[in-house]
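Chain residues, written in single-letter form:
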Amino acid sequence: MRYFRLLATLLKVNIQMSLAYRADTVVNILLNLMWLGWELLGLSIIFNNTETLGGWGPGELIALLGVFRLVNTMMAALIWPNTEKFNQSVRDGSLDYTLLQPVNSMFLVTFSRITVWRIWDLVLAFILIAVGVAMTGATATAVSILNFVLLTVSGTIVIYSLWIVLIAFTFWFTKFDNNVTILQALLDAGRYPVTVYPVWLRIIVTYLIPIAVATTIPLQALRGELGLGSVVTFIGIGIASFLAASSVWKVGVKRYSGASS
Amino acid sequence: MAHQSPILVTRLSKTYKVPEREGGFGAAVRSFFKRKYKDVKAVQEVSFKIEQGEIVGFLGPNGAGKTTTLKMLSGLLHPTSGGAAVLSFIPWELKPEYLRSMTLVMGQRNRLSWDIPAADSFLLNQAIYRIPDDEYKKTYKELDELLELEPLMKKPVRNLSLGERMKCEIAAGLLHRPKVLFLDEPTIGLDITGQARIREFLLEYNQRTGATILLTSHYMADVTALCERILIIHHGELKYDGGISDLSRRIAPFKLIGVMLADADTHDLSGYGIEVPNEEDLEKRYIQVNAGDVTGVTSRLLADLPIHDITITDPPIESVIEQAFQQ
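Quick note, the sequences are listed as chains X and B, same order.
Just so you know, my numbering puts 61 at position 61 of the first sequence, and the rest follows in order with no gaps.
Just so you know, my numbering puts 107 at position 107 of the second sequence, and the rest follows in order with no gaps.
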């Protein structure tokens, strides 16, 4: 409850901040629409030459694009701006203040910047998913929708945890500005369904680097392709990765010794 | 609970492991594979305690270990050995109840976000520290009375002057009414009036709230105006802990004899003591003598030289402290 209030205050502050940069907001929304057009164009070129991609048809891929966009929104609305702020605060030492506040420092580092206009992206993502699912003609059951929601949440948490681990590395190597670039490179692999890749790479992408968990797998659940066992396993992976990331963060904070003596 | 000093430090030590590397490409490659470390003893076996309501000045040259000590006491750093209790908490356990009852203000670090007005950062702090609305309003009103914050609150922090920003920074650190304040160079970079205003504020705040304050500063005026007691740290070791007025007696038992002479420049004073320059009083020439020799030297001076005026004073605190650093 207390953290919801804090989140509300952070959101309020961030809305005020983005209202100050109006032109920036408009341009960004336009740019974003352009990117969507570009991605859809890419898909249409692929499907002009082939019927399916790794067994997935056009509708399924549009839905996949929607889930991908959902994850991407998290990246753009939270992860990028907060990484930038975090790296900056390590360099100028203001992270000291963050660590001395009587709230979970991981929470503060996650939510202190929110790119508010990206919420528009969320709407777009849900539209894509709905349209994609409708195109496949697949009828979603209540269970598959629930699984889809749960697995999207758990997949998002996996990516979030990966991010926490990446920025926590900064506590060991004070200069680690590449952290977002690495994550983005990993995430890009999730844009196309995992089955396109050879087996060994698929294993890496699905298990070792659990990005696919956040994009392909929720969609498989929506299509009713996943059994209960898999659903439980993937939710477990989400919980485990969050716990692992929090402990890496805690160890990192302990390790942190400030920018000067 | 029995009476306990709010700040209690026992044999606190911190040793940093610092990678050591010689210059040059070869050394850089070698150190990539095998890194050598050097132990830097930043703080060694420091012990002291501070009573409730005290304002204590923490002095020492750059790199003496002041900031490291403050960081350990606020909880940012784990000590290598030794212990500390602040308000009966072990600082580096970072318990939320501890963090809510202390503050660390660093003159060279920004707590406030640059892009948003201070008012918004204050509201964020209210949420973070869970300050009830009525209490927040009361504290804010008090801080506003002392620091004249209101005109600064609506502007983005980046548009404030350094002095204005520092006022907001300090106020932001005090919204939760901490009982213990660690201030690291709270007046750094400010002009004379700015410094004086922060000083007055701290004194007033201390009297109103009974807060315990440990502060470092490079400006002696801060220390002489605020602190009756000082700690001097050098090379990580505590060199002095006591009253500021006792310092000269213990560290530098000297007196300054100032003499106004006829034909001031022609006389040689080297036989009486060490002559020291004094820029504030160019009419007199000053010599430094051991406190015990003052009477003897004075009568010799009066007998030997054409003296118009003579004064005997304590050396300025700045030079005493400097002398303490050099020991």
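Calculated from the structure, these hints are not laboratory results.
Keep in mind that the hints are not guaranteed to be accurate.
To be verified - Below, simulated DSSO-like cross-link-like pairs (lysine-lysine); rule was C-alpha separation at most 27 Å, straight line: (1) B/Lys-155 <-> X/Lys-85; (2) X/Lys-85 <-> B/Lys-41; (3) B/Lys-95 <-> X/Lys-250; (4) B/Lys-41 <-> X/Lys-254.
Evaluation of the provided hints:
1. B/Lys-155 <-> X/Lys-85: holds, 21 Å
2. X/Lys-85 <-> B/Lys-41: Violated. X/Lys-85 to B/Lys-41 sits at ~32 Å, over the 27 Å cutoff.
3. B/Lys-95 <-> X/Lys-250: The given pair, whose Cα atoms are some 14 Å apart, holds under the 27 Å limit.
4. B/Lys-41 <-> X/Lys-254: Judged against 27 Å, a Cα distance of about 19 Å means the pair holds.
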